[in-house]
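Undergrad: In this text, residue positions in the sequence shown follow the numbering used here: the first is 1, and each later residue adds one.
If you're looking for bench data, these hints aren't it; they were derived computationally from the structure. Glycine included, each C-beta is placed from N, C-alpha and C at the ideal position. Take every hint as true, because none was put in to throw you off.
In silico lysine-lysine, DSS-like type, Cα no more than 30 Å apart, as pairs:
#1 K114 to K94
#2 K311 to K248
#3 K288 to K85
#4 K314 to K248
#5 K278 to K248
Now the in silico label distances, taken between C-beta atoms and shown as ranges:
#6 G66 to P293: 15 to 21 Å
#7 D95 to K317: 41 to 47 Å
#8 N88 to A238: 45 to 51 Å
#9 E259 to D171: 17 to 23 Å
#10 Q184 to I60: 42 to 48 Å
#11 M179 to K291: 28 to 34 Å
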Amino acid sequence: MTTRRDFIKTTGKGVALTSMATSGFIAKSVLAESSEKNLLIGIIGAENSHTAGFGKLFNIDKKFPGAEVKYVWGETDEFAKAAMKKGNIPEQVKDPKEMLGNIDALIVDHRHPKYHLEAARPFVEAGVPTFVDKPFCYRASEGKDFLQMAKSKGTPVTSYSSIAQSSATFDMMKQIKSMDEISQVVRTGTADLDSKYGGIFFYGVHIVQPLIYMFGEDIEEVKVNRNGSAGNASLKFASGLFATLIFKHKAYGWETFVESGNQFMELKPGVEESDPPKNYADMVEMFKTGKEPRSHQSILNCVSVLEALEKSAKTEKWTPVELLNV
1 MTTRRDFIKT
11 TGKGVALTSM
21 ATSGFIAKSV
31 LAESSEKNLL
41 IGIIGAENSH
51 TAGFGKLFNI
61 DKKFPGAEVK
71 YVWGETDEFA
81 KAAMKKGNIP
91 EQVKDPKEML
101 GNIDALIVDH
111 RHPKYHLEAA
121 RPFVEAGVPT
131 FVDKPFCYRA
141 SEGKDFLQMA
151 KSKGTPVTSY
161 SSIAQSSATF
171 DMMKQIKSMD
181 EISQVVRTGT
191 ADLDSKYGGI
201 FFYGVHIVQP
211 LIYMFGEDIE
221 EVKVNRNGSA
231 GNASLKFASG
241 LFATLIFKHK
251 AYGWETFVES
261 GNQFMELKPG
271 VEESDPPKNY
281 ADMVEMFKTG
291 KEPRSHQSIL
301 NCVSVLEALE
311 KSAKTEKWTP
321 VELLNV
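Sequences and hints are given; from them, build the entire structure.
TA: See the structure below:
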């Protein structure tokens, strides 16, 4: 019987990747074997503190028995070694492709989203289930091409904000369904319009993704008003809803307020976060079963909104959101 590692190694060389049917078999084979054996995970990117956090989650706290972060590649040797020490990650690779054939799942965790898709591509092409840390990518057009490729290969892929993919946000989504018509939304969050890691993309995803989860993805246009590297933004939905985003400059945290009927109130979750948290549990479930917790269209729509906000931050004018179908 072909082993998991031999199978992925073969596909990594470009064998049997020429059709959708074959690619679907690749992903299913990897998933079937990973459900029977320990789940070995590799991480590309170590500059982010998240990488050490993943190591702690799997290797030290053992929140998912049988799952282990086995390998890490860092932007620098120093970054890699620091993540290995803090996260008890046993092996460092000098080239990410060294992990092909040796892992069951991949996490891509660069600080700037412009590096995400290039790093993930050879693994997704080889059928390795992949989680791309937020935000998914830097340009919606590139994200569309990538997601279409992933679908054609039959490889499960997802990406999301931990703030959005949480028990708290999902509870507030339920609350909204039972409320009177909501006419206005105010959402606050930490953001830096001039961040070297992609401006609004770096932390803005934590503001935007929960917003579209709770109130819909039909945002037509946006307008940013700057106050240095912070400020605020107005968003118009096709439904008629109007949202204001407040970008915190120094304060940290995220809040959502709504006008419903004759009340203006803060939405607060009525549940405690699960242990392990929902965002990690959903990721691991995808690694093991192939079930993607979020649609490809939703992933791409969030990138499109962030891209429009980035453009408006330069002009401070109303900018259309160019939604692409994937």
